[in-house]
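Q: Chain by chain, the residues:
Protein chains: 2
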Amino acid sequence: MQKLLTPELHSMRAEIITIGDELLIGQVVDTNSAWMGERLNEAGIELYQITSVHDNREHILKAIDEAFSRVDIVLTTGGLGPTKDDITKNVMCEYFNTTLIEDVRVRTHIQDLYKDRPDALNRLTATQWLVPESATILPNRVGSAPIMVFDEFKVERLKFKVNETSEAVTSDSQLSTFNIQPPKFLVALPGVPHEMKIAMTEQVLPFLRLKAKGERREARDIVHRTILVHGIPESKLAILIEDWENALPAYIHLAYLPKDGIIRLRLSSYGEATEKEVQSYIDSLLPLISDYILANEDISLEALVGRLLKQHAMTIATAESCTGGRLAAALNAQSGSSAYYMGSVVAYDNSIKEHVLGVQQDTLMQYGAVSEQTVRKMAEGVRALMHTDFAIATSGIAGPTGGTPDKPVGTVWIAWATPTATEAKCFHFGASREREQITLRAVTEALVRLVKCLKSKV
Amino acid sequence: MQKLLTPELHSMRAEIITIGDELLIGQVVDTNSAWMGERLNEAGIELYQITSVHDNREHILKAIDEAFSRVDIVLTTGGLGPTKDDITKNVMCEYFNTTLIEDVRVRTHIQDLYKDRPDALNRLTATQWLVPESATILPNRVGSAPIMVFDEFKVERLKFKVNETSEAVTSDSQLSTFNIQPPKFLVALPGVPHEMKIAMTEQVLPFLRLKAKGERREARDIVHRTILVHGIPESKLAILIEDWENALPAYIHLAYLPKDGIIRLRLSSYGEATEKEVQSYIDSLLPLISDYILANEDISLEALVGRLLKQHAMTIATAESCTGGRLAAALNAQSGSSAYYMGSVVAYDNSIKEHVLGVQQDTLMQYGAVSEQTVRKMAEGVRALMHTDFAIATSGIAGPTGGTPDKPVGTVWIAWATPTATEAKCFHFGASREREQITLRAVTEALVRLVKCLKSKV
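Residue numbers (the numbering used here), protein chains in the order written: chain A, 1 to 458; chain B, 1 to 458.
Quick list of in silico lysine-lysine cross-link-like pairs, DSSO-like style, CA-CA up to 27 Å:
id	chain 1	residue 1	chain 2	residue 2
1	A	Lys197	B	Lys407
2	B	Lys84	B	Lys62
3	A	Lys84	B	Lys276
4	B	Lys197	A	Lys259
5	B	Lys115	A	Lys259
6	B	Lys236	B	Lys425
Everything labelled a hint here was simulated from the structure, so no lab data went into it.
So that you can see chain A by itself, here it is in the shape it has in the complex (with noise of 0.2 Å):
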């Protein structure tokens, strides 16, 4: 099945450039593109290629020429700090025929940022208030590097919307002040994350989602619909809805996203299909697979399992060998997570796992600390030390090293305890796998087991 990704079907369509050699060295891992491609789809702009390239001049200009040649509106990150190795905005400068002007506004929005660290006030700060005459600065609510929008067509200089209280430009009436045309644009922003998520939210996003609402008729509606599924292979699930895969419309298209243990199933429509038609699919589908439903969204596990532990008012705690506190950083990652969550016992050692959590000297040294005994009294103990309602407990052979024969690496106990029992499983989850794997599929069952129980309470 193809999907329709014909140019004349998208006119809001963005490409994103990222710039910084220490992308292409392994360095640094891009974890801004996914969070910008899923803030452009939810304002109707789809994503359709993302290019990392070096801090090189030549480079930047291939990229930004080749993407203008593929769509309308291009998104740079990174090389906007103030040291020699950033160059993105004389490059830009190049790009857009202009030069480098001292702007009031940015200066005092740096001299004020910075007024309680004289330290990162210097000349070469200085050089961040110097910003492209004919780009529309938007501000960097935190930090220096001024946020740049280029028209490609226009070199006409554009006021600086910040207002004298840094407060973010988000009303239509200011945003439509901003003079942007159609059709090509290009918005540099900084490449640290919080500076660019911030800039995106409060800045870049309300000026495309006007865009994109001045230009309904051309501009498609993007839908996507996740449903969560567990417990199948990905050929076996595939096998189960091919009646109903091969009755969708070509505009409708399916997804398989298997990751850690759960299958992302997704539909997507770029701009034919409504959200009610696209809904009517998913509801089909449903009957087919009940058994191996998660959930009815792309939501994460543990924001699913915060929401059913505070619809039922219920509190957890975790004991944790193998997965060493990640299982607490995940189930306390929500705000509001203080409702649910009291606390957590990582007992990485065998006397932490007796004294803390009062596993018996016997049970360690008879079964071991990777045993069905074991993680139980580690479930029980942090449930009784914690007064929780729940508990979780996992131990397991995360590697490389401490593998036996009987018990290779891979090899994880996860017990969870509620008010009225406990229970345990082993999972092996192979031995070619690495340890950081091992452990995120262990986090990754064990709140699946909690996603279960907590649903069979309802």
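Model the placement of chain B on the given structure of chain A, informed by the hints.
A: For chain B alone, kept in the frame of chain A given last:
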């Protein structure tokens, strides 16, 4: 300063094309490319560009063509699953003008792989042993997707090189029979990270290294040297080392990589300088910034802490509130961490701080959970509970809610207890940061305290 990235310098230059809608709609973060980039650099191959494209025939074909216009080696990831949304294999057949045929060795391998999972062996899985006739098939020891090597200018089918026991082919003599001719070729890899990593490590990198070795006169060494710096703003650091930086030859490039409060200062050379020459510049840099150096290498803080603890034969535990288990997870992420890491208490709820860590109710009532008094008691409490030499504790307001005028979001207290004393420090990571970012900064600062503490013991 411009780097010398002219094509003639780099006969061994590669690009990555990542294939999959999930990357462009932001459902999945591409962690593969960074991992591959690092390994390619180690093998003396520069990664010139990363391009992420849709599961779309025209898009994939165009991306391959464009990549071959810039480099000789193209690696693709993704789109090799058995379901209909994965089209990479068929598109490759089109690009390289070949057709699919059954490969008996691949079939045997897959049947063996799934012998304990009859569920996963079905007619869709059977499509996985259909392989492009002109491709060399490398074994995928842990998955069903065959790894395919295409030589742009050859259409002669080469033999499946895995032996009967599915062992990796790594010796020079075996590899040399692969008969892939320069100049241009493409390797199609699975997108599942752990399958990709095993295939790269066992199959693709040995093959590429052999090529690099055979073409040594043309292929240049790539040298990267990194120093970890902390406690100085990026711009001030740049001014401090300005004279030194200006004296660098044009073919040695300096980069500043700030992240989570650490600056990675990296010197790179792509073939013009020897490792010794790069090292001599590092040697002259070190005295200039000695007050700020955490490490004279590109190492994670948790690995550095682990090494220092091992050297001193000392143990550690953590007590965490706002970091919620992430500090524990960092400390036990290293294989062998059981030698020094004993365990942790995640004391999210105040009752856990009181009853498990022994923080007095009075202290919590009078000063609050986020206070010097509480965090000191947390550190001392977990150190006593787990009988360790060191302990570190965190308590803060990660947000987005919970801030007060006195203690705004971003306020984090960190305490470290040693055999001789307990110290504490308050950090302000800024209310504008996200919950996750504040947590990461707290983990970083806690690890920095530990490094400094452990180094002062030497």
